[in-house]
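Undergrad: What follows is the residue order along each chain.
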Amino acid sequence: MNCRKVQSLLPLMAGSEIPKSKILSLKAHFENCPKCQQEYDSYMLTLKKTKEWLAKDRIDWEERDWQQVLKRAIKDKKPEVSPLVYWPFKKVWAYSLLGMLVVALTLLFIIGPSITQKEMGLGSEKFTEEQAQLFRSSPEESEQEVVSMTIVSKETGLKIVWFLNKNFELEVKE
Amino acid sequence: MEMKSEDELVEEVLNGNHRSFELLLQPYRQGLLNMANRMTGNLEEAKEVCQEVLIKVYKHLDKFKKGRSFKSWIYRITVNSAYDSLRKKKKYENFVESQKKIGFSASYDPEKQLLNREIRAKIETCLRDLSPKEKATFLLRDGEGFSIEEASEILKCSSMSVRTHLSRARKKIREQFEKINFANTREVRR
Chain Z
1 MNCRKVQSLL PLMAGSEIPK SKILSLKAHF ENCPKCQQEY DSYMLTLKKT KEWLAKDRID
61 WEERDWQQVL KRAIKDKKPE VSPLVYWPFK KVWAYSLLGM LVVALTLLFI IGPSITQKEM
121 GLGSEKFTEE QAQLFRSSPE ESEQEVVSMT IVSKETGLKI VWFLNKNFEL EVKE
Chain Y
175 MEMKSEDELV EEVLNGNHRS FELLLQPYRQ GLLNMANRMT GNLEEAKEVC QEVLIKVYKH
235 LDKFKKGRSF KSWIYRITVN SAYDSLRKKK KYENFVESQK KIGFSASYDP EKQLLNREIR
295 AKIETCLRDL SPKEKATFLL RDGEGFSIEE ASEILKCSSM SVRTHLSRAR KKIREQFEKI
355 NFANTREVRR
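In the order they appear, the protein sequences are chains Z and Y.
Its first residue numbered 1, the first sequence is counted upward by one per residue in the numbering used here.
Its first residue numbered 175, the second sequence is counted upward by one per residue in the numbering used here.
Pulled out of the complex, with its shape left as it was, chain Y reads as follows:
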């Protein structure tokens, strides 16, 4: 089968071809879900973020500039949607906290679907102290393999800023990694 370029697929979607939309997104479906999942730390929330991303992509596809990287564009939308989700979550958690303080019973116990619990727990520990921007920079560079320039395009900041965030993120991750290693060594000694 002849492989169509992303620009051609975009054109077809704009002409109302739904099948082309699926073909256009197929290479990124896993990457988007993983990015959203790591950013939000919750699979259900990540799926909601992806849903929002797909709606935005479909709705604003005419704004995509041909000749530019579709991958960078779609990841930018994902990162921004994940930021929004985190902001909403923070508001919700603050609300729950305030409800608890004034005596209401509010429970927030999200169901976690883990494929590999041990590894997942380690990743979560490593990413715990990272700010959303540091997390996004680290995941784009070390998780998804984007170059510094691509990451700067996605995050809409300078490559210097990407380097700064990446450096901070790796420093924090290393601290957490040392703790995990130390705990593991102690376990082995026992």
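Here chain Z stands alone, though its shape is the one from the complex:
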């Protein structure tokens, strides 16, 4: 191992973040290279001192401030609870499942009625003139253009007859 490679590993070696096998080969290098050894010692000292400083300079909350911060955080009565809080799997699966369900329902609404019609032989393409004839009780009925509606008053016995065209618009008969 050359000095350049050793020096690139020194910062991590100081914190024991490299494998033991590498540490051993680095220590073997130090025996023949006082410069790298010196660098390593310097890293060790830096790390030791900075850790000490960080530990000495630890600050804490004043109880009043901490309580205030907590109070502000729980201003809302209850934290938001997602409806998926008890979903045991990944949340993205729940959303995918929901999406698929929506697609399936949509397809059911679109395709479903046409399937039912087909099963009954009422499909638009199969609804021939012959079948249409079966639904008509008489040939005259097919030509029916006018519908009449009779209203009779119970009290007076007055009878009113309305004539409506096929669009249910009132037709005035002279």
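Hints were generated in silico from the structure; no laboratory data involved.
Be a bit skeptical, because a hint or two may be false.
Here are the simulated DSS-like pairs of lysine-lysine, each with C-alpha atoms no more than 27 Å apart in a straight line [stated by the list, open to error]: (1) 233(Y) / 49(Z); (2) 221(Y) / 245(Y); (3) 233(Y) / 330(Y); (4) 56(Z) / 307(Y); (5) 91(Z) / 233(Y); (6) 35(Z) / 49(Z); (7) 307(Y) / 48(Z); (8) 237(Y) / 91(Z); (9) 233(Y) / 307(Y); (10) 90(Z) / 230(Y); (11) 221(Y) / 91(Z).
Not the full set, but computed from the structure, chain Y residues with beta-carbon under 7 Å of chain Z [as the list claims (entries may be wrong)]: (12) 178; (13) 193; (14) 195; (15) 196; (16) 200; (17) 225; (18) 229; (19) 232; (20) 291; (21) 297; (22) 346; (23) 348; (24) 349; (25) 351; (26) 354.
Glycine included, each C-beta is placed from N, C-alpha and C at the ideal position.
Add chain Y to chain Z, keeping to what the hints say.
TA: Chain Y in isolation, oriented as in the chain Z frame:
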């Protein structure tokens, strides 16, 4: 008193028990403040960051996956909030600079509350040249004692990336440390 697990406390908070929220955060209150303080370099700003963290934790507690480390989760929120604060601060400082350039009088003199001025100044000098990511990695590993794997979980990056940032951070800190040492030696000689 019976010690409740963090998962149990989370469950209780989700059921509306405010006291459990305090119990849940009690072990981390000092760590969070220190982390935020070192990241932002300002105690008042650090308190604001912590406030934001607590609001986020309370609001999104249902998103915390049971069985995972609550400590890592809360530190991740803290680091991200500190990043946001730094970004806002940078924008503000740029704004102040631009105001100065065009002749407006804008003063930005944050009050510094130092417990141990000398040590604090040394730490600030050491952390000065570190990028936010390097700073966060160094503070998590060497300040808060997280393992490389835990730090990678908090920072949402690979352990290789954590090692790289940590190595760079220690290199930079060492350079600053040598300068401090050199200055101290000169002072002693005088």
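Undergrad: Against this structure, judge whether each hint is valid.
TA: So, going through the hints one by one against the coordinates:
For the hint linking residue 233(Y) to residue 49(Z), the alpha-carbon distance of about 39 Å lies beyond 27 Å, and the restraint is violated. For the proposed pair residue 221(Y) and residue 245(Y), the alpha carbon gap of about 18 Å is at most 27 Å, so the pair holds. About 21 Å separates the Cα atoms of residue 233(Y) and residue 330(Y), which keeps this hinted pair within 27 Å; it holds. Straight-line distance between C-alpha atoms of residue 56(Z) and residue 307(Y) comes to about 23 Å, which keeps the hinted pair within the 27 Å bound.
With a C-alpha separation of about 18 Å, the suggested pair residue 91(Z) and residue 233(Y) falls inside the 27 Å cut-off, and the hint holds. Between residue 35(Z) and residue 49(Z), the direct Cα distance comes to roughly 21 Å. Compliance with the 27 Å bound is thereby established for this hinted pair. The suggested pairing of residue 307(Y) with residue 48(Z) holds, with an alpha-carbon distance near 21 Å, which does not exceed 27 Å. With a C-alpha separation of about 10 Å, the suggested pair residue 237(Y) and residue 91(Z) falls inside the 27 Å cut-off, and the hint holds.
Simply put, residue 233(Y) and residue 307(Y) have alpha-carbon atoms about 26 Å apart, close enough for the 27 Å limit, and the pair holds. The suggested pairing of residue 90(Z) with residue 230(Y) holds, with an alpha-carbon distance near 21 Å, which does not exceed 27 Å. Between the alpha carbons of residue 221(Y) and residue 91(Z) the distance comes to roughly 33 Å, so the proposed pair goes past 27 Å and is violated. At a threshold of 7 Å, the smallest CB-CB gap from residue 178(Y) to chain Z is about 17 Å, leaving the interface hint violated.
Of the supplied interface hints, the one on residue 193(Y) is violated, with its beta-carbon coming no nearer than about 10 Å to a beta-carbon of chain Z, more than 7 Å. Here the hint on residue 195(Y) is kept, as its CB sits about 6 Å from the closest CB of chain Z, short of 7 Å. The beta carbon of residue 196(Y) comes within 6 Å of a beta carbon in chain Z, closer than 7 Å, and the hint placing it at the interface holds. With its C-beta approaching chain Z no nearer than about 9 Å, residue 200(Y) sits outside the 7 Å limit, and its interface hint is violated.
Taking 7 Å as the C-beta contact cut-off toward chain Z, the hint placing residue 225(Y) at the interface holds, the least distance being around 5 Å. Evaluation of the residue 229(Y) hint against chain Z yields a held restraint, the C-beta minimum of about 5 Å falling below 7 Å. The closest approach between the C-beta of residue 232(Y) and any C-beta of chain Z is roughly 5 Å, which is under the 7 Å cut-off, so the hint is satisfied. Of the supplied interface hints, the one on residue 291(Y) is violated, with its beta-carbon coming no nearer than about 10 Å to a beta-carbon of chain Z, more than 7 Å.
Hint status for residue 297(Y) relative to chain Z: holds, with the closest Cβ pair at about 5 Å, below 7 Å. The interface hint given for residue 346(Y) is broken, as the beta carbon of that residue sits about 10 Å from the closest beta carbon of chain Z, more than 7 Å. Of the supplied interface hints, the one on residue 348(Y) holds, with its beta-carbon coming within about 5 Å of a beta-carbon of chain Z, less than 7 Å. Look at residue 349(Y): its Cβ only gets to about 9 Å from chain Z, farther than 7 Å, so that hint breaks.
Taking 7 Å as the C-beta cut-off, the interface hint given for residue 351(Y) holds, the closest approach to chain Z being about 4 Å. The interface hint given for residue 354(Y) is broken, as the beta carbon of that residue sits about 9 Å from the closest beta carbon of chain Z, more than 7 Å.
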